Amino acid sequence: MAWRRFEDRFVFDIISSAVNVAVFKTASDILTQAKQEVPLDESPLMNSGIVIERSTKKKQRFVVSFGGGRGTGKRRLPYALRWHEKQARHFQHGRKRFYLLDPMNHIGTLRLNQYLSEEVRKVLNI
Amino acid sequence: MNYELLKYFESEGYGTEGVNLFLEFQPDMPDNCITVESASAPNLLESDSLNVDNYGVHIIVRNSNCITAKNLMWSIHEKIVGFGGSKLIPSGHEVSYITTETNPTYLNKDEKNRNEYSGTYNIRTMTAGVNRL
Numbered sequence: 001m002a003w004r005r006f007e008d009r010f011v012f013d014i015i016s017s018a019v020n021v022a023v024f025k026t027a028s029d030i031l032t033q034a035k036q037e038v039p040l041d042e043s044p045l046m047n048s049g050i051v052i053e054r055s056t057k058k059k060q061r062f063v064v065s066f067g068g069g070r071g072t073g074k075r076r077l078p079y080a081l082r083w084h085e086k087q088a089r090h091f092q093h094g095r096k097r098f099y100l101l102d103p104m105n106h107i108g109t110l111r112l113n114q115y116l117s118e119e120v121r122k123v124l125n126i
Numbered sequence: 001m002n003y004e005l006l007k008y009f010e011s012e013g014y015g016t017e018g019v020n021l022f023l024e025f026q027p028d029m030p031d032n033c034i035t036v037e038s039a040s041a042p043n044l045l046e047s048d049s050l051n052v053d054n055y056g057v058h059i060i061v062r063n064s065n066c067i068t069a070k071n072l073m074w075s076i077h078e079k080i081v082g083f084g085g086s087k088l089i090p091s092g093h094e095v096s097y098i099t100t101e102t103n104p105t106y107l108n109k110d111e112k113n114r115n116e117y118s119g120t121y122n123i124r125t126m127t128a129g130v131n132r133l
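Protein sequences appear in the order of chains A and B. Using the working numbering, the letters of the first sequence map in sequence onto residues 1 to 126. Using the working numbering, the letters of the second sequence map in sequence onto residues 1 to 133.
Careful: at least some of the hints might be erroneous.
[Unchecked claim] A short list of chain A residues far from chain B (calculated; beta carbon distances all over 10 Å):
{"no.": "1", "residue": "Val19"}
{"no.": "2", "residue": "Asp29"}
{"no.": "3", "residue": "Leu110"}
{"no.": "4", "residue": "Lys122"}
[What the hints assert, rightly or not] Here are the simulated lysine-lysine pairs, DSSO-like style, with alpha carbons at most 30 Å apart:
{"no.": "5", "chain 1": "A", "residue 1": "Lys122", "chain 2": "A", "residue 2": "Lys74"}
{"no.": "6", "chain 1": "A", "residue 1": "Lys58", "chain 2": "A", "residue 2": "Lys86"}
{"no.": "7", "chain 1": "B", "residue 1": "Lys109", "chain 2": "A", "residue 2": "Lys86"}
{"no.": "8", "chain 1": "A", "residue 1": "Lys86", "chain 2": "B", "residue 2": "Lys112"}
{"no.": "9", "chain 1": "A", "residue 1": "Lys35", "chain 2": "B", "residue 2": "Lys87"}
Hints listed in this document are in silico derivations from the structure and should not be mistaken for laboratory results. From a predicted model like this one, the values you see are computed outputs, not experimental measurements. Where a beta carbon is used, it is the ideal one built from N, C-alpha and C, also for glycine.
One chain only, chain A, in its complex shape:
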C-alpha cells in the first residue's frame, strides 16, 4: 500500500509517542541509578524518589524528583536539597551528594540516545 498523501499528523503522533516512551525509560533509568547513590538515612529520602510525567502535546517531559513536596504526593523532606548540594558528608555504604545530578550526567544522554533510536525504529518498522 502506498500513501497517496503525506500523513503528517499520523507520523507526528507515532513519533511523539515513541519519544515519550524513550524519555520515560531514560527518566526511570536515572531514578534507578540515583537510588543507588542517594544517602540512605532511614530511607525516606530514597523512597521519595519518583518519576512524574509533565508531558504536553508538543513536549515530552518527565521529572525525576527526590524529597517530595508539592505535586509529588509525598511528604516534603527539607534536607533533600541540602544533602544533594552540600559538601560530602560521611554517608553510609558509599552514598554521596549529587545523587541526582551525577546519574543524570553520566547515563542521561547515553540512555536517551539509545532509547530514542530503539523506540523510533520500532514504530517506523525499520
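Dock chain B against the given chain A, drawing on the hints supplied.
For chain B alone, kept in the frame of chain A given last:
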C-alpha cells in the same frame, strides 16, 4: 578549570584565594566565603573527536547575612553565565561558553546558622588534546 574560575573571581574582586575564596573544600571558618568545587558535567558528543571538553563546577556562597549571600550568588551567576569566546585568566583555557546546570538555590542555614546558596555550571572549553582534531 575550577581553579581558573576561582582566579577569575579573585580578579573580579569577590575575594582572595585561601582567605575567603576556596577551592574544592569549604572550611568551617570564615563565616563569609565562596567555594568553587568540581561537579559532573554532561558528555559532549563532539569531545570524542574534537579538542573540546565540558567541565562542571559547583559554587557555594556562605554568608551570615541571607540577603548578602543571595546577592553574591546571583551576582556570580550573572557574571559567568554566557561568558565565552575568551579566557577566564590569561594563561587559562579558551572558554567556548558557560551554561547553567542549576540556578542559584537557597540551601537554608547550616548548623552554625549561616546562610548558603549554591549553583552548578557547565564550562565548555577548547583543550589541547594530542589525538583529537
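Does the claim that Asp29 of chain A lies outside the interface with chain B hold up, using a Cβ gap greater than 10 Å? 15 Å, holds
For the pair supplied as a hint, Lys122 of chain A and Lys74 of chain A, confirm whether the alpha-carbon distance does not exceed 30 Å. 35 Å, violated
Confirm or reject the statement that Leu110 of chain A sits farther than 10 Å, beta carbon to beta carbon, from all of chain B. Its Cβ does come within 10 Å of chain B, the nearest being 7 Å, so this is violated.
Straight-line alpha-carbon gap Lys35 of chain A to Lys87 of chain B, limit 30 Å: At roughly 38 Å apart (the allowed maximum being 30 Å), Lys87 of chain B and Lys35 of chain A break the hint.
Since Val19 of chain A was said not to touch the interface, does its Cβ keep a gap of more than 10 Å from each Cβ of chain B? 19 Å, holds
The output says Lys122 of chain A does not contact chain B. Does that hold with a beta carbon cutoff of 10 Å? 23 Å, holds
30 Å Cα cutoff - pair Lys86 of chain A, Lys112 of chain B: 14 Å, holds
Would you mind confirming whether the straight-line C-alpha gap from Lys58 of chain A to Lys86 of chain A stays at or under 30 Å? 36 Å, violated
Are the Cα positions of Lys109 of chain B and Lys86 of chain A separated by 30 Å at most? 11 Å, holds
The structure is inconsistent with the numbered hints 3, 5, 6 and 9, although it conforms to all the rest.
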